[in-house]
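Number of protein chains: 2
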Amino acid sequence: MSGIRRPDHDRDQRVVERLGAVVGPGHVLRGADAAPFCTDWRGLFTGAPLAVVRPADAAQVAACVAACAAACVGVVAQGGNTGLCGGATPRDGEIVLSLGRLRRVRDVDPVDLVMEVEAGVTLQAARLAAAEAGLDLPLGIASEGSAQIGGVLATNAGGTATLRHGTARDLALGLEVVLADGRIWNGLRRLRKDNTGYALTKLFVGSEGTLGIITAACLRLVPAAGTREVAFVAVASPEAALGFLGLLRRADDAALAAFEYISGAALRLALAQIEGLSDPLGAPASHYVLLEMSSPRADALLRPVLEAVLAEAMEGGLVTDAVLAASEAQRDALWWLRETLGEAQQRAGATVKNDISVPISRIPDFLRQAAAVCVALEPGVGVVPFGHFGDGNIHFNLMVPDASQGEALMHAVGEVARGMGGSFSAEHGIGQLKTGSLGEWRGGVEMDIFGAIKDALDPRGVLNPGKIFACNSRT
Amino acid sequence: MSGIRRPDHDRDQRVVERLGAVVGPGHVLRGADAAPFCTDWRGLFTGAPLAVVRPADAAQVAACVAACAAACVGVVAQGGNTGLCGGATPRDGEIVLSLGRLRRVRDVDPVDLVMEVEAGVTLQAARLAAAEAGLDLPLGIASEGSAQIGGVLATNAGGTATLRHGTARDLALGLEVVLADGRIWNGLRRLRKDNTGYALTKLFVGSEGTLGIITAACLRLVPAAGTREVAFVAVASPEAALGFLGLLRRADDAALAAFEYISGAALRLALAQIEGLSDPLGAPASHYVLLEMSSPRADALLRPVLEAVLAEAMEGGLVTDAVLAASEAQRDALWWLRETLGEAQQRAGATVKNDISVPISRIPDFLRQAAAVCVALEPGVGVVPFGHFGDGNIHFNLMVPDASQGEALMHAVGEVARGMGGSFSAEHGIGQLKTGSLGEWRGGVEMDIFGAIKDALDPRGVLNPGKIFACNSRT
Chain D
1 MSGIRRPDHD
11 RDQRVVERLG
21 AVVGPGHVLR
31 GADAAPFCTD
41 WRGLFTGAPL
51 AVVRPADAAQ
61 VAACVAACAA
71 ACVGVVAQGG
81 NTGLCGGATP
91 RDGEIVLSLG
101 RLRRVRDVDP
111 VDLVMEVEAG
121 VTLQAARLAA
131 AEAGLDLPLG
141 IASEGSAQIG
151 GVLATNAGGT
161 ATLRHGTARD
171 LALGLEVVLA
181 DGRIWNGLRR
191 LRKDNTGYAL
201 TKLFVGSEGT
211 LGIITAACLR
221 LVPAAGTREV
231 AFVAVASPEA
241 ALGFLGLLRR
251 ADDAALAAFE
261 YISGAALRLA
271 LAQIEGLSDP
281 LGAPASHYVL
291 LEMSSPRADA
301 LLRPVLEAVL
311 AEAMEGGLVT
321 DAVLAASEAQ
331 RDALWWLRET
341 LGEAQQRAGA
351 TVKNDISVPI
361 SRIPDFLRQA
371 AAVCVALEPG
381 VGVVPFGHFG
391 DGNIHFNLMV
401 PDASQGEALM
411 HAVGEVARGM
421 GGSFSAEHGI
431 GQLKTGSLGE
441 WRGGVEMDIF
451 GAIKDALDPR
461 GVLNPGKIFA
471 CNSRT
Chain V
1001 MSGIRRPDHD
1011 RDQRVVERLG
1021 AVVGPGHVLR
1031 GADAAPFCTD
1041 WRGLFTGAPL
1051 AVVRPADAAQ
1061 VAACVAACAA
1071 ACVGVVAQGG
1081 NTGLCGGATP
1091 RDGEIVLSLG
1101 RLRRVRDVDP
1111 VDLVMEVEAG
1121 VTLQAARLAA
1131 AEAGLDLPLG
1141 IASEGSAQIG
1151 GVLATNAGGT
1161 ATLRHGTARD
1171 LALGLEVVLA
1181 DGRIWNGLRR
1191 LRKDNTGYAL
1201 TKLFVGSEGT
1211 LGIITAACLR
1221 LVPAAGTREV
1231 AFVAVASPEA
1241 ALGFLGLLRR
1251 ADDAALAAFE
1261 YISGAALRLA
1271 LAQIEGLSDP
1281 LGAPASHYVL
1291 LEMSSPRADA
1301 LLRPVLEAVL
1311 AEAMEGGLVT
1321 DAVLAASEAQ
1331 RDALWWLRET
1341 LGEAQQRAGA
1351 TVKNDISVPI
1361 SRIPDFLRQA
1371 AAVCVALEPG
1381 VGVVPFGHFG
1391 DGNIHFNLMV
1401 PDASQGEALM
1411 HAVGEVARGM
1421 GGSFSAEHGI
1431 GQLKTGSLGE
1441 WRGGVEMDIF
1451 GAIKDALDPR
1461 GVLNPGKIFA
1471 CNSRT
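Sequence lines, in order, name chains D and V.
Mapping to the working numbering: the first sequence position 470 is 470, numbers consecutive.
Mapping to the working numbering: the second sequence position 417 is 1417, numbers consecutive.
You may find that some hints are simply not true.
[Unchecked claim] To spell it out: a stretch of chain V is covered by chain D in this simulated footprint if at least three of its residues, at any positions, have a beta carbon under 8 Å from a beta carbon of chain D; those stretches are:
hint, segment
1, 1017-1026
2, 1156-1169
3, 1176-1188
4, 1247-1253
5, 1283-1297
6, 1365-1379
[Stated by the list, open to error] Which stretches of chain V does chain D cover? Using the computed rule of at least three CB atoms under 8 Å from a CB of chain D, they are:
hint, segment
7, 1044-1058
8, 1391-1399
If you are wondering where the hints come from, they were derived from the structure by calculation, not from laboratory data.
Where a beta carbon is used, it is the ideal one built from N, C-alpha and C, also for glycine.
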């Protein structure tokens, strides 16, 4: 692979000029203007790119990629820059393609239940456009006001609505993608079924900009919820949460829309950090579940179902306290509590973020074992997990007195998940942060397949170098 | 690529001996014993393989592939041999790996809602194993008694349950795959979320044995239905069917499990061909819908919902007649009618099978235009379409007096779908039958990507040569 390059200021200057000719000089940012695009949201990674370039459409993206490929300059596509693993942060000497100008919602079709959107549309704007047609784009992440569709797809975003509707990959019916050689693949089909060749849409989703740059997508929509019930529930233990989930599934699996876990410690930390938050329940508990049931029917009688399950769960000792939202405002307040957990931990200081998944049945064991190994390693650690219990995905986050211990703690938590057939990155992806873990966990045959696919679609290593694959292994 | 080979009887003999050493001589079939494995179900393709080999497990599959790769002999994996495009039929001089001995249901987990099965388990056996645990593997195809999981996944099978639960790809959480070099990729993870590298499971599903041979899978299950309502409905027109679908979605999208279309001509042909079938309605109609609503709840009140929608649809002139199944036997009888349509057409003689998909909103236009072009080409044609209306997937089948006209008719029907952004193979795949269409429809950039992936994972062209890619284009 020929991605290795030496500094060459003349060439760099020529590339930037060429890109300026493509997008117009006003859309090439350098120096202070470029700074916001050079560091990730968590402040873990900073790069010094040659420039940040803001193309207007797929043709300009393609021309930019072709110019960079010709000069062997790495290209990092960037959306809202809300990723948690540094996947959209440039390394030195690269070009950032910021896709925020591709922001057209091209079409919302209420019969086909499909929308076609460009990469730079924020998730929130896309969801609003769907809502205006009485539909829902069922993907909820805390950063949806900033995160853009291109990045959401490139990282196969998950969030709080995946329990019923799956991740971004499950919602993607078709894509438009700029390839490493600057050609455009138009796969913008809006078909529910299409067995004509390999599943390219599924492959590009989650490839973190290393196989192609997504410029537009056809996304599956669902009818908006006509009935919603949200409850905040204290459970006796993680095992009790699992038992409670089983009762809900048996009562009405099809209506269960979210089943989120919040540790007591995570809740208390949020209450301390975020103004205006209050504990929905009277007395503190160690484990909570935030759940939502919903139905497209306006007259679905979900509340009696939920009340009956809660009564059964209380009688069985699984649930110790619960509150049901009585209004839209109360529903929003309960969800706001869940959505601020990450922000609260960020504000509280040095956080180790884990993004573990295990088979759902193993969550209680995982929570217990992971806490034990962390406390053994660092007695002063604050264990503040929360996450998507119903998907087996726990953000086993830690407040550490000394940030230098982060890596050892992450590794220890990972090993617990690994012993349970789990994953070290359920929804955040690999980016720059987790390339080491990927090689370690998925080594051998699996990394060879990844590498073969990368080489096949980006033989010169132009697209997002150093992401998914460690810098020196594939550039 | 080095797949081109000249006849070499000594080498062929050595390969077969080597395979016999791997699987035991009793599991190498030749001559008359091999014949059932050499022709596809429709009788369109026949090959003369060197032998049919029946490995017992993934390790034997791997050893067989390695032996064939070393000798540059093509390998065709075969399950139940029920495919409709010749994807599992060998060409001359190849080896058939028949996977029916890999028939263990390894695990059914009612908490994780996952089953782990080997490739040779029939779809029916897998569904029965799930049902015994109170769960459902939600994939229904007419051939489920013979079709095996490996083939179901290799072809990304669809069928009558995809409206709610998606195709085989959507159900596959993890796979075990033998690669072209004889190594085994163990991707048998049972995680709902796992963003660690490229979506290999999604890529192998639907790759028709050309990228790897699936030997086992972890599949997503759902709670079994506690309430089911099935109705057979005469609709005034295809547009009326679309309007009726909209009413059902608005009433209870989450409960809609199937929405199948049957043309009057297809029904009458089935009534004539299949003994014991009877018309569920009193008077003949031109267009029918077979629909199912279901819920995991045992006490879900779906019948009143369905009756209300039917009343509204009748009042609006969308529905002209309807019958609701009153018992499990009646439900089965209605579904049997739907499932025999393909068999009835096969019995009735020369059939042209189309497997079109279009955006759902375009189905009425498609049905009308496709019928018009067929009658224009061949006035004696019998137009007998049916299919998965709710997925936009219509089997626009034709009874032709002269089989030689099949290709021209298929092409003409395809062009109508193409003009609507459709697909020429929604669920049957490419196999040998549709390699020409694939090149024509998905030419240029898309075929280049397919080719790059094929070359990356099977550089010597050992796996299922001549499938997906035409024989002389990639061997």
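Taking the hints in turn, this is what the structure says about them:
1. 1017-1026: Coverage by chain D is violated here, the residue count being 0 at a Cβ distance below 8 Å.
2. 1156-1169: holds (count 6)
3. 1176-1188: Per the Cβ count (6), the hint holds.
4. 1247-1253: That given contact holds, which follows from 5 residues of the segment 1247-1253 of chain V lying within Cβ reach (below 8 Å) of chain D.
5. 1283-1297: holds (count 3)
6. 1365-1379: That given contact is violated, which follows from only 0 residues of the segment 1365-1379 of chain V lying within Cβ reach (below 8 Å) of chain D.
7. 1044-1058: violated (count 0)
8. 1391-1399: holds (count 3)
Checked against the numbered hints given earlier, this structure breaks hints 1, 6 and 7; the rest are met.
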